[in-house]
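Protein chains in written order, with the numbering used here: chain R, 1 to 82; chain V, 1 to 159; chain C, 1 to 289; chain A, 1 to 761.
Hints listed in this document are in silico derivations from the structure and should not be mistaken for laboratory results. Each residue gets a CB set at the ideal place from its N, CA and C atoms; glycine is no exception. Do not take every clue at face value.
[To be verified] Over 10 Å on every C-beta distance to chain A, these chain V residues come out as not near it, computed from the model:
no.: 1; residue: 2
no.: 2; residue: 146
no.: 3; residue: 154
[As the list claims (entries may be wrong)] No farther apart than 20 Å at their CA atoms in a straight line, the calculated lysine to aspartate or glutamate pairs in the EDC-like style are these:
no.: 4; chain 1: V; residue 1: 3; chain 2: C; residue 2: 156
no.: 5; chain 1: A; residue 1: 413; chain 2: R; residue 2: 70
no.: 6; chain 1: A; residue 1: 413; chain 2: R; residue 2: 57
no.: 7; chain 1: R; residue 1: 33; chain 2: R; residue 2: 69
no.: 8; chain 1: C; residue 1: 53; chain 2: V; residue 2: 13
no.: 9; chain 1: C; residue 1: 264; chain 2: A; residue 2: 163
no.: 10; chain 1: A; residue 1: 413; chain 2: R; residue 2: 22
no.: 11; chain 1: R; residue 1: 19; chain 2: A; residue 2: 187
no.: 12; chain 1: C; residue 1: 260; chain 2: A; residue 2: 163
no.: 13; chain 1: R; residue 1: 19; chain 2: A; residue 2: 163
no.: 14; chain 1: C; residue 1: 264; chain 2: A; residue 2: 676
Residue strings, one per chain:
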Amino acid sequence: MARVVLPNELARELAGGQKELEVEAENFRQLLKALDRRFPGMGDRLRDGVAVAIDGEIFQEPFLESIGEDSEVFFLPQIEAG
Amino acid sequence: MAKRHVTTTVNGEPREFLCEVDQTLLDALRDELGLTGSKEGCGSGDCGACSVMLDGRLVCSCLALAVEAEGREVETIEGMADGDRLHPLQRTFLEEAALQCGICTPGFLVAAKALLDRDPDPSETEIRYWLAGNLCRCTGYDKIVRAVQKAAVEMRAEA
Amino acid sequence: MRSIQYEAPATVDEAVARLAEAGDKARPLAGGTDLIVQMRSRLISPEVIVDVKNIPELLQVSEEGGGFRVGAAVPGAVLGENEAVVAMWPGVVEAFELIGSTQIQGRASLGGNLCNGSPAADSTPAMIAAGVTCEIAGPNGRREAPVEDLVTAPGETSLGRGELVVSFFLPPRPARTGDAYLRFIPRTEMDIAVVGVGVCVTLDDGGTCTGARVGLGAVAPRPLLVPAAADALVGTRLDDGAMANLAAAASAACNPIDDKRGTKTYRIKVAGVLARRAAGIASERARSN
Amino acid sequence: MSDSASGFKWVGTRPVRPDGLDKVTGRANFGADFTMPGMLVGRILRSPHAHARVAGIDASAALAVPGVKAVVTAEDFPEIPDGDLMVGEGPMNFRDLSCNVMARGKVLYDGHPVAAVAATSRAAAEEALDRIRVDYEVLPHVVDVLEAMEPGAPLLHENLFTEGVDPKPDRPSNVASRVEFSLGDVEAGFAEADVVVEGEYTTEAVHQGYIEPHAAVASVGEDGHCTVWCSSQGQFMVRAYCAKLLGVENSRIRVIPSEIGGGFGGKTTIYVEPVALALSRKAGRPVKIVMDRDEVFRATGPTSSTHVKVRIGATKDGRITAGDTELRYQAGAFSGSPVQLGCMTAFAPYHLDHVRAVGYDVVVNRPKCAAYRAPGAPMAAFGVESALDELAGKLGMDPLELRLANAAREGTKAAYGPRFRQIGYVETVEAALAHEHYRAALGPNQGRGVASGFWFNIGGQSSAAVHVNEDGTAVVVDPNPDIGGSRASMAIMAAEVLGIDYDRVRPIVPDTSSIPYSDMTGGSRVTFAVGMAVVEAAKQVVEELRSRAAKVWDVDVDGVVWENGEARPASSNVGEFEPLSLAALAEGSAKTGGPISGQATINARGAGPGFGTHVCDVEVDPDTGRVTVLRYTAVQDVGRAIHPSYVEGQLQGGAAQGIGWALNEEYVYSEAGTLENPGFLDYRVPVASDLPMIDTVLVEVPNPRHPYGVRGVGEVPIIPPLAAVANAIRHACGTRMNHLPASPPRLLAALDAAKLPEAAD
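Just chain R, same shape as in the assembly (with noise of 0.2 Å):
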């Protein structure tokens, strides 16, 4: 299971405030099914326009990423250019 952490104001609309949940999930794909069918609509939210850390490792562009049995997944804002 993966420990995924949502943004603050996604988990306070879509997840009730819970911030903090283990999901099981392969690759970025099946992490954004999942969240979806527990929290309807959140799957669109998180798929354009964020960036996800994954154990770490900062992925403007996630949609392929695989995800480990013990990855933490952190979601972000795409970091803007300067």
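With chain R's structure known, arrange chains V, C and A on it following the hints.
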């Protein structure tokens, strides 16, 4: 409004052009003579990107009228190298990585040459004050000052 | 469409005639470092530009009566290379050379700096302190006027229609006299003065101040001659008390504004600080003269 | 990757940049240097008001001016629905972008474009601008971030409801969003603290200050195909944004990048390009628009003015128990300040169990903020790093030792959430501590300050191609505008992989039709991400070269190795063959299958975070408030420097910009909400005589995810200087500047307010 005809010398060559009375020397160099090496960064004499020599004096070409060039001598960045031989400053700017984006570089080179032509051994402080009218936003000036110092050493050795 | 004429007469008389004829629509062009910026930003739209740089008189520096006559269009870089003028009136030359960058120095003139009418012009307080006068040519002939009488308000001068400043007379320097100019700017270069102070002092053999002039810039609608500041020095040995009185008098003479370059409070305080520092330099120079 | 002396031939050397000659001879073409036959001059009419309703625009008199060929207003651009659309790099609100490029209905800041003219001369265009009659109904305005948040403040957008608050507000406001990042329990953390410091910190808006004004030439053909020559941080960005704003497909626009005269984030969006296109479309001729400097200041990307509250608690022995910050950033006229990044970076250099950052994105009547080098981070770091200096003082600890004791390391959970992998923050603090500068003596009225900074660094979509020429030289097609010497780095990396001389590799920056999409030059990504694409493309070339050699020798490709720019038999078992050089293989390529080339398209991952620590000495003139920077040292973990001179240059330039921010740069607004200092005379960037030499220390903790260990380096160096300078001022004169810039009037007022300053410590 009738244009004025101006006969002048640019980088040692006789040149003629037509210009409006209120056209700046910078605009005439760039638009009438195709010498786009001199840049406009501000149009008010605050950035030095348009630096040229006018009758042997370092000036901002954005603060001179094109008509004032009549009968006078203008030197620009395009005339700094001697054929395919770079001026020592041009070479040391490259060697010392004294440019990043490069937009201010022509102005710095023209200004630095004017300095070394009159003072072959300026101190760091003198270099910094002489070049205070040339803005660079990329380098923090460190490598520019070093490039001028290095060129000065080389030019003194050659002299 | 706007139309502009450019003329570059070879004599003062021609220039004056042209300026008189066109009146407000004409502008003399010396170094152009203010004029061209103002045209470009469309603050002014002159119809006639009279380039005065083909008139030899305006480009000359010559000795006269123990002092110097400096053409109104002489660039800062040229005056700065004149060792005799620098030796006699270092404060005036320093002030002139503080205007803008090296590039600006290749063009900017004393006449332009004065007649642009800026309260913050660097060379003006220094010339006021040194007792410099200007020669003005006009349709009715020539006249002399002290520099402090020229600027009347921001951008305005006492010059009449067709009048042109031709030259400046830097008087012979009395014995044991020294001048200095200091300005405050936020950076080390390239700014307009937030405060400018010119000081000239004359000492007797014993080191007592027998004469002084203090000019202030950027602290009022026009550059000022401040007799009260001079009075604070005259008759003293320029001790700390006198210097404090000078600072207080300089500050008291200020009538500044708050603007993007500094606050009123700041200008008033720093005018005093700089007056003191400039008087220190001037008196050093006076002692060594 | 092992140590930096690990046998590279080109990586880590300092050759002359490939574009250098053109730039020292005046031949390089920048945005304003391009011309076309029949080209018109475009000029933009801008609002003189901070906030007004545009009741009508009458351009008939302008069109009557001889030489005027077209006038455009918002009516000439399609109206775009509100909301974000995805383009290459991420979501973007194109309605806002469109309204920023040309005001629709309301003008929202001094300098906001309302119309544009194309004419045969600048004079005719300006005369036409004078004759356009705009009917403004002036509205109350607000330019201050805190005032804009007050109830009853003049409202910029009727449809702006704060996001991120619960319940959703039912009334519009100027607060676009609230964001929060937290770890642990902040109040529990403060309960553990022996010492708590608190402060409020304010910064003024500053501009990127690139010397080259925005410039573009646009030409629209009768068939609707468009060409744009312009200076930007991304030709693909220009294409995508212009396409959306004009309502055309990407394939109809070809963007040809010029050399770029500085960007620092400010050229990551568009201003004049779509206007030039709209004018060209209407006039049927090419149109060139070059901004004047005042237009650059009034209407292009400054960064936010900010207000930051910081509270930090620590135990007596210097362990930070809690950090809490509240950041208010103004975004300009449309939402999207970098406040989130301020929240995320504020405490990032430190290991904290309990930390919280709350941010507010606020709209005001100022130009829309654009990215500026490490967007959002310097202002947050100013607050946190100043507070840490106070904390060190209260604890009686050396400020660098305090940072070291709390430094983030590999495995630390970053304040913004994830755990750090290999990072080099500790190494930067240790290097600063060990530096001779840190122990040098100081005189009266002099003080020393330190501060650190963090930036994520990013990767992103990148493409590159490497073509082998018939004579054995190579071309690197590097799709990212080169602002600071990146072509040199690309050529170095390609030469390293190919095993040929640097001088035989020539990089070029192509137009949008010549190479696949690449994200912008920004976020310190190019040498890292595009570098990876170049390495990948060069490796493809090497594979191809091996296969060509195998064909020549008639052996299996596995029997061929590539060493020192030559194909060699892998072992004597393969056979006895003379090595085949790249040049030889290139010359014979017709026989072995045609031209040799590689092209890579990647979405680069694994950007390594960057950390820096700066040491600054200043002298304060107590009578005038002038601050002189006496000495400056910038230490940074750069992963590995491909071309060390240009890496040093990034550190020096970033430090100089940060010093300007700290001391004299600021946007000054009048009571009427108009910008008072739109020029380099009164917007005071540092000049050469303002600065000392800027020493650099390149710490190399290689990024394991890059073939040569690269970390981005461009953003980090602008983050520490604000606090480093402010801390140095504090130690020079005893007065803490909570409001930057510490311009002489502001500092003197603070010194006078302190009256009896504490003895400098």
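Structure-based check of all given hints:
| no. | hint | verdict |
| --- | --- | --- |
| 1 | 2 | holds (13 Å) |
| 2 | 146 | violated (8 Å) |
| 3 | 154 | holds (15 Å) |
| 4 | 3/V to 156/C | violated (32 Å) |
| 5 | 413/A to 70/R | holds (16 Å) |
| 6 | 413/A to 57/R | holds (12 Å) |
| 7 | 33/R to 69/R | holds (17 Å) |
| 8 | 53/C to 13/V | violated (24 Å) |
| 9 | 264/C to 163/A | violated (43 Å) |
| 10 | 413/A to 22/R | holds (18 Å) |
| 11 | 19/R to 187/A | holds (19 Å) |
| 12 | 260/C to 163/A | violated (36 Å) |
| 13 | 19/R to 163/A | holds (18 Å) |
| 14 | 264/C to 676/A | holds (17 Å) |
Hints 2, 4, 8, 9 and 12 from the list above are not met by this structure, while the remaining hints are.
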